[in-house]
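*Asks:* For reference, the chains in residue letters:
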Amino acid sequence: MESGSIMNEHPTNRYRLHLMLCAGTACVSTQSFKIKEILEKELKKQGLDREVLVVMTGCNGFCAVGPVMTVMPDGIFYHSLTEDGIPYLVEEHFLKGRPVERLMFTPPAEDVGIPKIMDIDFFSRQTLIVLRNRGLIDPEKIDEYIARDGYQALAKALTKMSPEDIIDEIKHSGLRGRGGAGFPTGLKWEFCRKSPGEIKYIICNADEGDPGAYMDRSIIESDPHAVLEGMLIGARAIGAEEGFVYIRAEYPLATKRLEIAIGQAREYGLVGAHIFDTDFSFDIHIKQGAGAFVCGEETSLIASIEGRPPEPRQRPPFPAQAGLWGKPTNINNVETWANVPSIINRGAAWFARIGTEKSKGTKVFSLVGKINNTGLVEVPMGIALKEIIYDIGGGIPGGKKFKAVQTGGPSGGCIPARLIDLPVDYERLTEAGSIMGSGGMIVMDEDTCIVDVAKYFIEFTSDESCGKCSTCREGSSALLEILEKICMGEGEEDDLELLEEISYATKDASMCGLGQTLPNPVLSTLRYFRDEYEVHVRERKCPAKACKALITFHIDEETCRGCGICARNCPEKAISGERRAPHKIDPDKCIKCGICLESCRVFGIGAVVVE
Amino acid sequence: MMGKLSIQDLEKISQRVRKTTLLREGAGRAKITVHMGTCGIAAGARKIMSTLLDEFEKRTLEDVILTSSGCAGLCSREPMVTVELQGETPVKYVDLTPKKISRILSEHILGGRVVEEYALAKGSERLY
Ligand SMILES: Cc1cc2nc3c(=O)[nH]c(=O)nc-3n(C[C@H](O)[C@H](O)[C@H](O)COP(=O)(O)O)c2cc1C
Numbered sequence: 001m002e003s004g005s006i007m008n009e010h011p012t013n014r015y016r017l018h019l020m021l022c023a024g025t026a027c028v029s030t031q032s033f034k035i036k037e038i039l040e041k042e043l044k045k046q047g048l049d050r051e052v053l054v055v056m057t058g059c060n061g062f063c064a065v066g067p068v069m070t071v072m073p074d075g076i077f078y079h080s081l082t083e084d085g086i087p088y089l090v091e092e093h094f095l096k097g098r099p100v101e102r103l104m105f106t107p108p109a110e111d112v113g114i115p116k117i118m119d120i121d122f123f124s125r126q127t128l129i130v131l132r133n134r135g136l137i138d139p140e141k142i143d144e145y146i147a148r149d150g151y152q153a154l155a156k157a158l159t160k161m162s163p164e165d166i167i168d169e170i171k172h173s174g175l176r177g178r179g180g181a182g183f184p185t186g187l188k189w190e191f192c193r194k195s196p197g198e199i200k201y202i203i204c205n206a207d208e209g210d211p212g213a214y215m216d217r218s219i220i221e222s223d224p225h226a227v228l229e230g231m232l233i234g235a236r237a238i239g240a241e242e243g244f245v246y247i248r249a250e251y252p253l254a255t256k257r258l259e260i261a262i263g264q265a266r267e268y269g270l271v272g273a274h275i276f277d278t279d280f281s282f283d284i285h286i287k288q289g290a291g292a293f294v295c296g297e298e299t300s301l302i303a304s305i306e307g308r309p310p311e312p313r314q315r316p317p318f319p320a321q322a323g324l325w326g327k328p329t330n331i332n333n334v335e336t337w338a339n340v341p342s343i344i345n346r347g348a349a350w351f352a353r354i355g356t357e358k359s360k361g362t363k364v365f366s367l368v369g370k371i372n373n374t375g376l377v378e379v380p381m382g383i384a385l386k387e388i389i390y391d392i393g394g395g396i397p398g399g400k401k402f403k404a405v406q407t408g409g410p411s412g413g414c415i416p417a418r419l420i421d422l423p424v425d426y427e428r429l430t431e432a433g434s435i436m437g438s439g440g441m442i443v444m445d446e447d448t449c450i451v452d453v454a455k456y457f458i459e460f461t462s463d464e465s466c467g468k469c470s471t472c473r474e475g476s477s478a479l480l481e482i483l484e485k486i487c488m489g490e491g492e493e494d495d496l497e498l499l500e501e502i503s504y505a506t507k508d509a510s511m512c513g514l515g516q517t518l519p520n521p522v523l524s525t526l527r528y529f530r531d532e533y534e535v536h537v538r539e540r541k542c543p544a545k546a547c548k549a550l551i552t553f554h555i556d557e558e559t560c561r562g563c564g565i566c567a568r569n570c571p572e573k574a575i576s577g578e579r580r581a582p583h584k585i586d587p588d589k590c591i592k593c594g595i596c597l598e599s600c601r602v603f604g605i606g607a608v609v610v611e
Numbered sequence: 001m002m003g004k005l006s007i008q009d010l011e012k013i014s015q016r017v018r019k020t021t022l023l024r025e026g027a028g029r030a031k032i033t034v035h036m037g038t039c040g041i042a043a044g045a046r047k048i049m050s051t052l053l054d055e056f057e058k059r060t061l062e063d064v065i066l067t068s069s070g071c072a073g074l075c076s077r078e079p080m081v082t083v084e085l086q087g088e089t090p091v092k093y094v095d096l097t098p099k100k101i102s103r104i105l106s107e108h109i110l111g112g113r114v115v116e117e118y119a120l121a122k123g124s125e126r127l128y
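Protein chains in written order, with the working numbering: chain A, 1 to 611; chain B, 1 to 128.
Hints in this document: simulated from the structure, not taken from any laboratory.
Treat the hints with caution; some may be incorrect.
With a straight-line cut-off of 25 Å between C-alpha atoms, the simulated DSS-like cross-links for lysine-lysine are [unchecked claim]:
{"hint": "1", "chain 1": "A", "residue 1": "Lys156", "chain 2": "B", "residue 2": "Lys12"}
{"hint": "2", "chain 1": "A", "residue 1": "Lys160", "chain 2": "A", "residue 2": "Lys171"}
{"hint": "3", "chain 1": "A", "residue 1": "Lys41", "chain 2": "B", "residue 2": "Lys47"}
{"hint": "4", "chain 1": "A", "residue 1": "Lys156", "chain 2": "B", "residue 2": "Lys4"}
{"hint": "5", "chain 1": "A", "residue 1": "Lys171", "chain 2": "A", "residue 2": "Lys327"}
{"hint": "6", "chain 1": "A", "residue 1": "Lys44", "chain 2": "B", "residue 2": "Lys12"}
{"hint": "7", "chain 1": "B", "residue 1": "Lys47", "chain 2": "A", "residue 2": "Lys45"}
{"hint": "8", "chain 1": "A", "residue 1": "Lys116", "chain 2": "B", "residue 2": "Lys19"}
{"hint": "9", "chain 1": "A", "residue 1": "Lys327", "chain 2": "A", "residue 2": "Lys485"}
{"hint": "10", "chain 1": "B", "residue 1": "Lys58", "chain 2": "B", "residue 2": "Lys12"}
{"hint": "11", "chain 1": "B", "residue 1": "Lys12", "chain 2": "A", "residue 2": "Lys160"}
{"hint": "12", "chain 1": "B", "residue 1": "Lys19", "chain 2": "A", "residue 2": "Lys36"}
{"hint": "13", "chain 1": "A", "residue 1": "Lys116", "chain 2": "B", "residue 2": "Lys58"}
{"hint": "14", "chain 1": "A", "residue 1": "Lys160", "chain 2": "B", "residue 2": "Lys4"}
Source: prediction; values computed, not measured.
Just chain B, same shape as in the assembly (with noise of 0.2 Å):
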């Protein structure tokens, strides 16, 4: 048996639940898309999407989407992925291991500031 609820109480349950289902409103703060096409899983997408689910479970990540699509179209160049700060360019990031995707987390979503070494060359690459 449940104690009674104050009102305190539904603002911590709305507040837990809601990182869960943030997801389906479609809108968040930042969107991490992991190119997952043939060539993505073979080169380890899968790995990058892992470290970033665990990543997700360790902090608290709140309005963070994680998404993935096909190929990007540069399959030399896997794993990618594509992060999107709302308001921002996407930036790619290129040829990814589980510890560079580990500090794009926490320097550019986290901290706003773009890793510029592991990022497709400037300029041109910022598609969309």
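Okay, chain A solo, but in the shape it has when bound (with noise of 0.2 Å):
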């Protein structure tokens, strides 16, 4: 075959700068091919679109500040762009070569922007594996994925290994799974190889049911292409000859990437009939979850996929002895597939370099909540809770105090400040009451009130409780029940024991995972923060100020000034009084809006009190 191939636009080598910008869903939805538009535009007034290539990458991670774009050779990092300031970047930059500052990024506490994407900590603290071509290369161009060494792993396990050898190297690697139960990947390979059977199916679950969560998808947008040649390799030490990829259906621009890098693929001979002329023939074939948060369970998935309702069923038979269609089949979330190429090609011993005696590796962790850096994070396990919250993600903004994360999503559970220095890894959440789980870390400020955030989780999963077990579909409704007869003040005190004895009841008698771990959340938050139910309980007050049952809002007559703003602002007209004397709140109209606390603090008085 002739090499002057169709995948990619750019043949020469002309161009002097790279402008590698981000078109991750954050950055989309904020305008980033917009400003492309406007780039290619202002570059060709300049006479510079021969020299200067615009490239549209997959999620660069630092979603906060969005839409971003690295400058390369040179690295530079701008965020924030908005249409209006091109014209001068491309002039001032690109054609002058003169970086412009007050694009660049600045920590939150420092005053001098921080030109070079190494420099800034949210990047340089990170260890990219998964994510190791995000913002290199265009996730739509197979040839870029190519000379990023795309492929050469499956080359290697075709024609240098056998079935044996790949299941050996990801055993030896000590990789685990990365949708939430950290099983060893080796050994389930295994297991489904040894299966007796002819036909066998692999199945990437990209159904990312957590809220807030959102790793799965960046890896698809940004490198869809290693996560195929992951289930390539996958494929062949298993010997399935055909594989699904389960993706949620609210991930339309994932699910296109993930079309186009199969097509490509495709018509390269990487996917189909004799790859690299081998006896290895593979298949594989997108399908849209049903909607519900647990499809993303395995059993539940193949239901999905074989066009039945998704409800979970007991496991053994595990899928691995009988899965789809009741044949041998294997299982992993997408970041798991996507860490295959890079560990059969750099080798098991390097990748158990990385992270703690049995959690190797690197984790994705998509980083949100009360925390200045929102974004997607690649660490290696091990890494100290404190250096993600604190160095990766800037710290709490407003000045606020750290008082939880919640790791592990509705089967997770939250670790309070004082854990800080926990590495973060497989066993040491696990001993923390919580989980390493798919990857969402929510962090919370002291406005947040603890029992809301068990509430918060237990609304969701007792709403996503297909309701087959009693005990699951009872028991979440019966927690919500308390945490919001706490929140509502009307908790009594033998409500946190009856809280701590449906928990357990849930997770023992329930089927699957969801049953099983959906009362974590409440579980950990008494373990740390017992304190905090039992004022809800006994005082009837709500110590972060949020539950609005527990709190009043009233004027300080010493403070107040009378100068009527909050009056003004009051959208229920509960506040009274004379100009320039103190004003008053009627409770019985006052809906505790907050209103008027914020426009008495912004005024910077401060005479509207909660309590």
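Reconstruct the complex from the two isolated chains, following the hints.
*Replies:* Structure, rendered in structure tokens:
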């Protein structure tokens, strides 16, 4: 074959600058395609369109400050780009070579912008394996993936390794499932390989149902071929010739990139019959998710692909024994698959050097909540929570105090501020009463009520319980009822024990992981923040001042200057008073919206108090 | 419809595309910085840049990074470029013309020998 390939539109090496503009979902929503259009127009105007290339990349990770762009080869990082700022940027930097300081990132509490991407803590403290290509390639061009050693691992696996060798390599690497439970991947592959049967399947779980989590979406958006190559290698190891990607219907961009990737791989013969002229053939299909949280659970996912209602079933038999259409099936998470090519390329020993004793490699987290640098980060296993929250995450906004971090989504738990030095790996998180889960990390500050947090997650899971097991269905609604009562100030002394009792019963008697883990947010908050529950129950107060039923607003007579700003802003007309005399809030009319508090604070007076 | 890829093709595609994408890795064997301040542009820095780009297209210059930066402070000697070979002190060339830059490309970038006659006087000139 002549390698004058069709996949790459830029066959020349004439360009002197590449503008790596983020086209992840977050940056697209802040108009990065519009920015692209204007950049290209301005470059043309300055006669630079043959010298400077705009490349749309997958998610860069620093979603808090999008649209973002990195200028290579110098690595100058620009953020919060606006249409108006582009003409100046093009002339100053791309024509005259003077990077524009006001578009550079300035960390909170500092006043000088940082020019280079690798000098910004958010990036420099990350370790990229799964996301090694993020921001460096255009995910819609297979050639660019190939230029970054793409499909070399597949070539090696097909021509230099037996299926058993591949499994051994993955076993020795220590790779564990990134979808929740952390099961050793090599072992799982081996079960499936050894399972009797001619026909076997592999599945990529891209259902990503945890609220606030978007690791898998970003991995697919920024490097779909890595997931595909991982699956091809896994299929070879297991002896499967057909695979499925089960992807959330809410992920149109990721789905599109995956379709493009599969199409290009098929055209190159990397998917199809006799790949690299070996006896290995593989075909792959995309299946859109049915929308419920429980669809991510492997047995319901399989039911959903088969066209049955997505309900979990009893295991054993495990999918490795009888999965899709009763055939041996291996299911792994997106991030698990995406780790595979690097392990095959660089070897198990290299991978096993990263991380802790039993948790190897890196983990991708989506860092959200009360944190300055919201975004997607990949860090080595064993990194301290503190480093993620303060060094990478840039700490808590508004000078507030860090209270807790929730990991593992609805199956996880809350880790309190005093455990900030905790190393993040499977074992330590479990000991602390939470789980690694799929990588959601929700940061909470002092204004977050811990009972409210537990209530939020139980609301989610009781809504998402498929209802097949009564313990899960009834247990979750009983928990929710009690938590609502406590937040309303109607909790009773023995409610806390009752919460624990129902939690354990639900854990013990539910069939699938949903019921078995849904009480975790309740149990972990009771473990670390029992006093906060007790104040709600005994004193009918909410220490974080978040539960509306337990707080009252009033105006401090001494401080109030009678300016009337609160009264004018109050949507319920609940505030009255003479001009220049202290005002009053009528508790019967007050809806506790907090607008008076905010406006009084903005004017620097601070006379409105919450108790 | 594209033919099926062999492992050798993989290598070919990789080699070819890497010429374009190497720039993104921020690491090259050599780096040429054209000083493009207003003074540089007025003195003909754009011509130097386009000569370089033409040469890049003609020859196979794989791991050479071409970039621009602001005025180097010596406006009277523009157009000016800085050539940096990995592990060596950067050299500044002044009063450039397309012809001179082509020679610098062949002798210094490809051949590894500084073109002394175009370089800023030895000694104190090696800024940085
Ligand atoms: C209620 C529930 C929801 C789940 N959702 C997901 C999900 O969205 N994505 C995922 O990869 N795994 C999810 N899992 C875990 C899967 O059942 C399965 O363990 C996982 O896909 C295996 O892949 P791994 O070994 O690579 O982690 C869920 C499990 C439960 C119980």
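*Asks:* State for each hint whether it applies.
*Replies:* Hint-by-hint comparison with the structure:
For the hint linking Lys156(A) to Lys12(B), the alpha-carbon distance of about 16 Å falls within 25 Å, and the restraint holds. Using a Cα cut-off of 25 Å, the hinted pair Lys160(A) and Lys171(A) holds, with the two alpha carbons roughly 18 Å apart. A C-alpha spacing of about 22 Å is found between Lys41(A) and Lys47(B), which places the hinted pair at or below 25 Å, so the restraint holds. Among the hinted pairs, Lys156(A) with Lys4(B) is consistent with the structure: their alpha-carbon atoms are about 17 Å apart, no more than 25 Å.
Between Lys171(A) and Lys327(A) the alpha-carbon distance is near 23 Å, which keeps this suggested pair within the 25 Å criterion. A distance of roughly 32 Å separates the Cα atoms of Lys44(A) and Lys12(B); the hinted pair therefore is violated under the 25 Å criterion. Restraint check: the Cα-Cα separation between Lys47(B) and Lys45(A) comes to about 17 Å, which is no more than 25 Å; the hinted pair holds. Note on Lys116(A) and Lys19(B): the hinted pairing holds, with a Cα-Cα distance of about 23 Å set against a maximum of 25 Å.
Pair hint Lys327(A) plus Lys485(A) does not hold up; C-alpha atoms about 48 Å apart against a cutoff of 25 Å. Distance hint between Lys58(B) and Lys12(B) is fulfilled; the C-alpha atoms sit about 19 Å from each other, no more than 25 Å. The suggested pairing of Lys12(B) with Lys160(A) holds, with an alpha-carbon distance near 20 Å, which does not exceed 25 Å. A threshold of 25 Å between alpha carbons decides the hint, and for Lys19(B) with Lys36(A) the separation of about 23 Å falls inside it, so the pair holds.
Taken as a hint, the Lys116(A) and Lys58(B) pair is broken in the structure, with Cα atoms around 31 Å apart against an allowance of 25 Å. Restraint check for Lys160(A) and Lys4(B): satisfied, since their Cα atoms lie roughly 20 Å apart, inside the 25 Å limit.
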